[in-house]
Amino acid sequence: MRNIMKNIGLTAAEFFDLFSRTTDDYLYMWDIQRGYFYISDNAYVDFNIDEGIKTDVVKEWAGIMVPEDRQRWLADMQLIGDGKKDYHDMEYRIYNRAGHIIWVSCRGEVNKDENQRPLFMVGRISNIGKQNKFDNITGLMNRAQFQSDMNYLLNSGIKGLVVVLDIDNFKNINERHGYAFGDRALNLISTQLSNLLPQDCQIYRLDGDEFAFLMKDGTRENIEMIYENIQVYITNQFMMDGHKLFVSLSAGVCFFPQDGDNYQRLLRQAEGAVEIAKMNGKNQLVFFSKEIYNRRLKIIEMQESLHNCVSRGCEEFEMFYQPQIDTNTKKVVGAEALLRWHSPEHGEVSPIEFIPLLEESHLIIEVGKWVFEEAVRQCKQWQKYDPDFIMSINVSYTQLKENSLLEYLKNNEYHKLSTRNFILELTESCWVPNLHFLNQEFKNIQDMGYGIAIDDFGTGYSSLSHLKELSANIIKIDRSFIQGINQGSYEYTFLEYIVKLAHIIDLKVCVEGVETIEEYEVVKQASPDYIQGFLFGRPISAADFESRYFNDNQAGGR
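The opening residue of the sequence shown carries number 0 in numbering that gives the first Met the number 0; numbering runs sequentially from there.
Misleading hints may appear alongside valid ones.
[What the hints assert, rightly or not] Pairs of lysine-lysine, DSS-like flavour, derived with a Cα cap of 27 Å:
| hint | residue 1 | residue 2 |
| --- | --- | --- |
| 1 | LYS158 | LYS215 |
| 2 | LYS281 | LYS243 |
| 3 | LYS523 | LYS499 |
| 4 | LYS329 | LYS379 |
| 5 | LYS289 | LYS215 |
| 6 | LYS383 | LYS409 |
| 7 | LYS400 | LYS277 |
| 8 | LYS297 | LYS281 |
| 9 | LYS297 | LYS277 |
| 10 | LYS507 | LYS442 |
| 11 | LYS507 | LYS330 |
| 12 | LYS523 | LYS507 |
| 13 | LYS368 | LYS170 |
| 14 | LYS83 | LYS58 |
| 15 | LYS83 | LYS53 |
| 16 | LYS170 | LYS400 |
| 17 | LYS329 | LYS383 |
| 18 | LYS523 | LYS329 |
| 19 | LYS277 | LYS368 |
| 20 | LYS330 | LYS523 |
| 21 | LYS158 | LYS132 |
| 22 | LYS170 | LYS132 |
| 23 | LYS383 | LYS368 |
| 24 | LYS111 | LYS58 |
| 25 | LYS442 | LYS379 |
| 26 | LYS383 | LYS507 |
Simulated from the structure, these hints should not be mistaken for laboratory data.
Construct the entire structure; sequences and hints are all you get.
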């Protein structure tokens with residue numbers, strides 16, 4: 000080393016100064032025999048060290064080391080100084096000039112003379128945190144680099160926008176195919192996203208299935224076009240290992256500096272917009288606004304109110320019941336139990352708003368038990384009027400995933416007295432991505448005597464191809480296939496075909512959302528077993544249901 004520097008006319012200081020300009024690392028050379036230490040100038044800038052390190056590296060460097068790591072490092076230095084070790088390779092923590100703890104990786108090779116005495120050690124010290132800019136799974140830059148790049152733009156006074164993208168229901172892919180498959184799917188999705196963005200847009204992986212990118216001088220129109228391209232490509236093109244994966248992305252956007260002037264606030268605003276996108280049905284783009292901010296605050300307040308409600312025994316909840324009628328006789332044969340929330344703070348809250356909050360917080364497990372007990376109690380009471388009365392109860396995927404529902408049913412013997420009078424409903428969008436798991440769960444529940452219904456049939460994924468595989472007793476056709484129905488229309492042909500196919504494999508069919516006489520007359524021609532809709536009754540309280548359909552002998556009336 001000395002000869003090389005001598006031949007090219009460089010001093011040690013000049014040598015390290017030259018090389019330090021080509022790397023973020025801290026280069027060093029320790030002349031062990033002379034006790035002299037050289038380190039590149041950037042180390043003096045970043046760490047609280049001075050020229051004293053040149054003559055006493057052990058004391059000076061140990062002085063900025065976290066005490067818990069110091070002894071291990073000193074022991075290694077002693078072995079090297081004694082000629083008992085030819086290399087140094089260690090990770091440890093030190094304090095930078097700002098007083099923050101950082102992890103460093105320190106490596107070096109020892110050169111010895113003919114008597115095996117150590118002459119000098121040359122190596123480098125790397126700031127692991129500084130180099131750790133990339134996500135291991137996707138290869139994208141990570142959250143730390145995203146924060147750094149956003150701060151740079153903000154400090155530069157540049158205008159732009161930040162977009163957060165979150166994959167909808169990615170957990171379904173992990174649960175169906177395993178986490179290794181899920182990681183490869185994330186890698187493929189991230190590659191596709193990178194290809195769909197403008198060249199000057201860097202995409203980052205923040206956490207889990209959440210991504211983000213920045214756009215300088217971006218406009219609303221820019222992002223809407225980019226997001227539309229992402230939707231079209233990801234939804235229609237996403238194949239992996241021969242599997243067509245059903246992927247959609249919710250996105251949130253905020254502008255800087257108008258929506259915020261610091262990293263934390265901007266990220267919070269964009270993630271809040273994503274949250275609203277998911278609350279509104281997912282697979283959509285939402286721009287941050289004051290209204291969005293207020294909506295998110297309301298969501299937080301509702302979450303707190305729901306926790307309080309559940310802790311007080313669900314006292315603010317009430318069960319409403321919507322009649323289900325026999326298609327031909329118009330006789331009420333059952334009801335669907337529907338949860339309602341009468342909140343003192345928020346008034347009458349729509350299930351579309353509060354059910355997702357219950358699921359997100361896992362409160363749905365506790366609330367689901369309360370719903371089940373209320374519906375069972377009510378059904379038993381109405382069986383005095385009609386022993387064959389059927390009660391349909393909605394089930395959350397979370398209840399099944401946590402194995403809480405099956406265990407609950409097994410441990411409550413009194414429910415088994417009349418299980419044939421109960422139908423458990425799960426929306427179809429939860430079925431197909433988790434077919435094997437759910438089939439097994441529902442088979443166990445069916446073995447206990449309960450019936451199973453697939454709600455919103457026809458709105459999920461590959462419905463017809465999975466129909467014969469589903470462990471179900473009833474399928475419920477969604478209202479979207481009833482609107483505008485008339486004899487010979489696509490909606491009618493679809494309905495007639497599904498009813499015939501279902502009956503062939505011993506499934507009953509309930510058509511939801513029938514609101515007019517005209518719709519009823521057309522739907523009736525397709526011969527479904529049951530009909531549910533405003534034509535025959537809206538969801539009402541238990542007392543009103545009993546008065547209308549039992550006490551006054553008005554079953555089937557409006």
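Taking the hints in turn, this is what the structure says about them:
| no. | hint | in the structure |
| --- | --- | --- |
| 1 | LYS158 to LYS215 | holds, 6 Å |
| 2 | LYS281 to LYS243 | holds, 20 Å |
| 3 | LYS523 to LYS499 | holds, 13 Å |
| 4 | LYS329 to LYS379 | holds, 22 Å |
| 5 | LYS289 to LYS215 | holds, 22 Å |
| 6 | LYS383 to LYS409 | holds, 26 Å |
| 7 | LYS400 to LYS277 | holds, 20 Å |
| 8 | LYS297 to LYS281 | holds, 19 Å |
| 9 | LYS297 to LYS277 | holds, 15 Å |
| 10 | LYS507 to LYS442 | holds, 17 Å |
| 11 | LYS507 to LYS330 | holds, 17 Å |
| 12 | LYS523 to LYS507 | holds, 14 Å |
| 13 | LYS368 to LYS170 | holds, 24 Å |
| 14 | LYS83 to LYS58 | holds, 21 Å |
| 15 | LYS83 to LYS53 | holds, 23 Å |
| 16 | LYS170 to LYS400 | holds, 11 Å |
| 17 | LYS329 to LYS383 | holds, 20 Å |
| 18 | LYS523 to LYS329 | holds, 11 Å |
| 19 | LYS277 to LYS368 | holds, 25 Å |
| 20 | LYS330 to LYS523 | holds, 14 Å |
| 21 | LYS158 to LYS132 | holds, 24 Å |
| 22 | LYS170 to LYS132 | holds, 26 Å |
| 23 | LYS383 to LYS368 | holds, 24 Å |
| 24 | LYS111 to LYS58 | holds, 23 Å |
| 25 | LYS442 to LYS379 | holds, 24 Å |
| 26 | LYS383 to LYS507 | holds, 25 Å |
Comparing the model with each earlier hint shows no violations; every hint is respected.
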